[in-house]
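Undergrad: Top to bottom, those sequences are chains A and B.
The first sequence begins at 20 in this note's numbering and counts up by one.
The second sequence begins at 1247 in this note's numbering and counts up by one.
Hints were generated in silico from the structure; no laboratory data involved.
Beta carbons are placed, not taken as given, at the ideal position from N, Cα and C, and that holds for glycine.
Check before you lean on any hint, since a few could be wrong.
Claimed, not checked - Some chain A residues near chain B, calculated using beta-carbon distances under 10 Å: (1) Ile34; (2) Ile45; (3) Leu113; (4) Leu131; (5) Leu172; (6) Asp183; (7) Ile184; (8) Cys216.
The residues making up each chain are set out below.
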Amino acid sequence: MINYVWFGLIAIGTIVGFATGNIQAITDGAINAAKTAIDLSFGLIGIMAMWLGIMAIADEAGLVKKLAHLMKPLMSKLFPDVPPDHPALGNIVLNIAANMIGLGNAATPIGLKAFKELQSLNSTTDTATNAMCTFMAINTSQVQIIAATTVALRVAAGATNPTDIIGATLLATTISTAVGIIAVKLFEKLPKNRASCPAPLANLSEGA
Amino acid sequence: MFVKILEVISLYAIPVIIIFVVGVGMLKKVKVYEVFTEGAKEGFGTAIRIIPFLVAMLMAIGIFRASGAMGMLAKLLSPITNLIGMPAEIFPMALIRPLSGSGGQAMMTTLMKEFGPDSLIGRMACVMNGATDTTFYILAVYFGSIGVKKIRHSLSASLMADLAGILAAVVISNIMFG
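Take these sequences, add in the hints, and give me the full structure.
TA: Following this line, the structure appears as structure tokens:
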């Protein structure tokens, strides 16, 4: 699917651009985007290093495993393919918690660490596992309790009661997360996705 | 009240987490400084590994956005959006939101400026912004960081979540603020 979406964005953009005469804008759009990608990834280095350092200590001290253990009942339902006390689950819990309270800066490095742990359980390293897909469905459905940036922008726009959208947002985002989880669980049962599912590693005793 | 509590939590969270983790590490006799630096080493590699995936994704999105295809698509789909009670002005934002966080935010700000932050459209835009996320960017970064190219059903499931978030934002806003 990603190949079609990617091609579709480029093809539709180019055709429409040629038809409307926005040719220079397309060139600029493509080149600026490539620059933005570098800014984003380089901007990530410091904060990545910091949180990965903290997480390494948490790992070594057994905190990540303990957290995974605490959330076991829920996590084993969402991620049945991951061994119950695997550090990946502890990192996933931390990522979701950080996202919930709006700490996006901390959430990304921890989430990427979780992905690395999940990859250590993957027999086919270029293919996503069911656990990765489930984690992404939760992560991309925005689980934030307070949409802090949105509220800040409402303050800037002069809203009489900037926080009046919080209840509605919370309800809407809960629905989107629920639908994301249901969708990912349904989709993983489709024949096509069953066939492409990487086989579990023979020896799953200990994580990375 | 609820908001205040959450504000306090997010204010204290990071320093508390850091001192807690390092403190427990010390108690458990972890060589905290050495382990930190060893873990931090991975940061550089991860950030570098996502570059090709990010360039690919942002380039395609950049071309699509710059071409003005968004407006055309919005016009094309307007019969459907009218049917579910989505104002035509908001539809481009629903389209751009999964593709670009800054783009979605810019549109939300523009809508608030144009129609007022307390209007139905202004509020709906805010709810939508909070209920959905930049799916394409997140998938590119996460799968890119471990070199996974076949992402299977993660994109379709994540887009379903976005669609649900957009529809929920429209319906809930119409009921609460309409």
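Undergrad: Each hint needs a verdict: does it hold in this structure or not?
TA: Taking the hints in turn, this is what the structure says about them:
no. : hint   : result
1   : Ile34  : holds (8 Å)
2   : Ile45  : holds (5 Å)
3   : Leu113 : holds (9 Å)
4   : Leu131 : holds (5 Å)
5   : Leu172 : holds (6 Å)
6   : Asp183 : holds (7 Å)
7   : Ile184 : holds (5 Å)
8   : Cys216 : holds (8 Å)
Checked against the numbered hints above, the structure violates none of them.
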